[in-house]
Amino acid sequence: MSRVASIFKREFGGYFRTPVAYVFLVVFLMLSVGLAFFVGQFFDSNVASLESYFSFHPWLFIFFAAAVGMRLWAEEKKNGTIELLFTLPITPLDAVLGKFLAAWAFLSIAILLSFPMAITIGFLGSPDWGVVITSYFGSILMAGSFLAVSSLTSAFTRNQVISFVVSVCVNLVLVLMGWSIFNGAMGRVMPQWLVDTISNFSTMPHFEPFTKGMVDLKDVVFFLSLTTFCLFLNVVALER
Amino acid sequence: MIEVIDLVKTYGAKRAVDKISFSVSRGDILGFLGPNGAGKSTTMKLITGFLTPDSGTAVVAGHDVRKAPLEVKRKIGYLPESAPSYPEMNVEEFLLFVAEARGFTRPGDREALVDRAVAKTHLEPVRRQSIETLSKGYRQRVGLAQAILHDPPILVLDEPTDGLDPNQKNEVRSLIRGMATEKAVILSTHILEEVEAVCTRIVLLSAGRIVVDETPAAFQARQPGARLDAIFRSLTQSDV
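Chains as they are written, first to last, in my numbering: chain E, 1 to 240; chain V, 1 to 240.
Source of the hints: derived by calculation from the structure; they are not laboratory data.
Accuracy of the hints is not assured; some may be wrong.
One-sided and incomplete, this derived list gives chain E residues near chain V with beta-carbon spacing under 8 Å [stated by the list, open to error]:
hint, residue
1, 3
2, 18
3, 81
4, 84
The following residues of chain E were derived to be distant from chain V, with all beta-carbon distances above 10 Å [to be verified]:
hint, residue
5, 47
6, 86
7, 112
8, 186
9, 218
10, 237
A quick note: this is a predicted structure, and the numbers were derived from the prediction, not measured.
Glycine included, C-beta positions come from ideal geometry on N, C-alpha and C.
All chains should be built: construct the whole structure from the sequences, respecting the hints.
Okay, structure coming up:
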């Protein structure tokens, strides 16, 4: 466990050693809050809820999780430090976990930094705090799954841009499969059971219950197993 | 201390290392010679457990690298080619990370190890400088500091004097000589005079095979009076 901790510390600190982390946080907050205000009609809806903020998260993480995860392995390969890392007495699993958890913690901070929104609705009305908490929980869980995809794509290349693009594509598919508009279009050409099955593999229908205040075990298991599956492949990819 | 047995590694159609066997005992400084692409770095990567051999194995301090890679990695200090390190970290942070990843988690222990390695490699003046701002010579020494940090019984150094000026080269050589009495050392180099200056044995590789395994004196005796590079050229001509 201490090996995982040492990797975690280096990786997490690494985000803040360069201005990239701050740029990322500012852009993420501006975009996520901006979407809630200007597209999601945060004020006009006149409801003390963060639903308009969280409803954009599946779309945002397509890009932002890919941006956080793209450097995880590609950078090590490019710098040659992967040789240093894997001649230290740590297992690939230690390294994958340490790095993933660091990136996840960073992304979670980005999500939690929207807390002034929560304070605002608490000040202006009486929100259902249970819903706010489950929404944050669901959002962080979902971010972890997207990030695991991105960490995996990063392990296949030494080029961060390639990792980013491939990861965006995979994440996009994961969202689109459960997007209601897309499902509607699919329903016209294929039977409903098939549409339902496909949409079951999407992050979208598993995230929505959280934003309504429902924590269903099957949704939690979905995100955790998607994350675990990607991290497992990540370890295998590095052990080659 | 190191027993290399019939190591084979193939990249695609190219056999990089072709059934290499040799052994290194305590007090030996083995100089790895050979043209670029002869398999020097690959052999080192196989011994340190970074790459897995297609067949054969290396036994390091009694541990088989295929069966107990972590044990082997604990016993080896490894300087990869061109001394990769994390550019955004400063020297001290980087060495503390390596110490922690090597399992030295008690705060006092770590600092003591880092102090010793910094003193041995004369890194004191740049201790708090970020690695990306260092000259090639200093970076090389950071790599060396990282390799000797845990006082390993075995050192594997891939071109340790590459990029150093003549004074620094001398310094690194005397550092290696000073440590070699209680260690087994493998180093690769392109500089033939270096072999004469520090090594107790020469292993000359050509096209993935061992051409020569003898003392520098015996190597010189092949063509008395000739320059070492003339002997080197005549032995590796088939490679060109």
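The hints, checked one at a time:
no.: 1; hint: 3; result: holds (6 Å)
no.: 2; hint: 18; result: holds (6 Å)
no.: 3; hint: 81; result: holds (5 Å)
no.: 4; hint: 84; result: holds (6 Å)
no.: 5; hint: 47; result: holds (44 Å)
no.: 6; hint: 86; result: violated (5 Å)
no.: 7; hint: 112; result: holds (25 Å)
no.: 8; hint: 186; result: holds (42 Å)
no.: 9; hint: 218; result: holds (38 Å)
no.: 10; hint: 237; result: holds (14 Å)
In summary, the structure is inconsistent with hint 6 from the numbered list given earlier, while agreeing with all the others.
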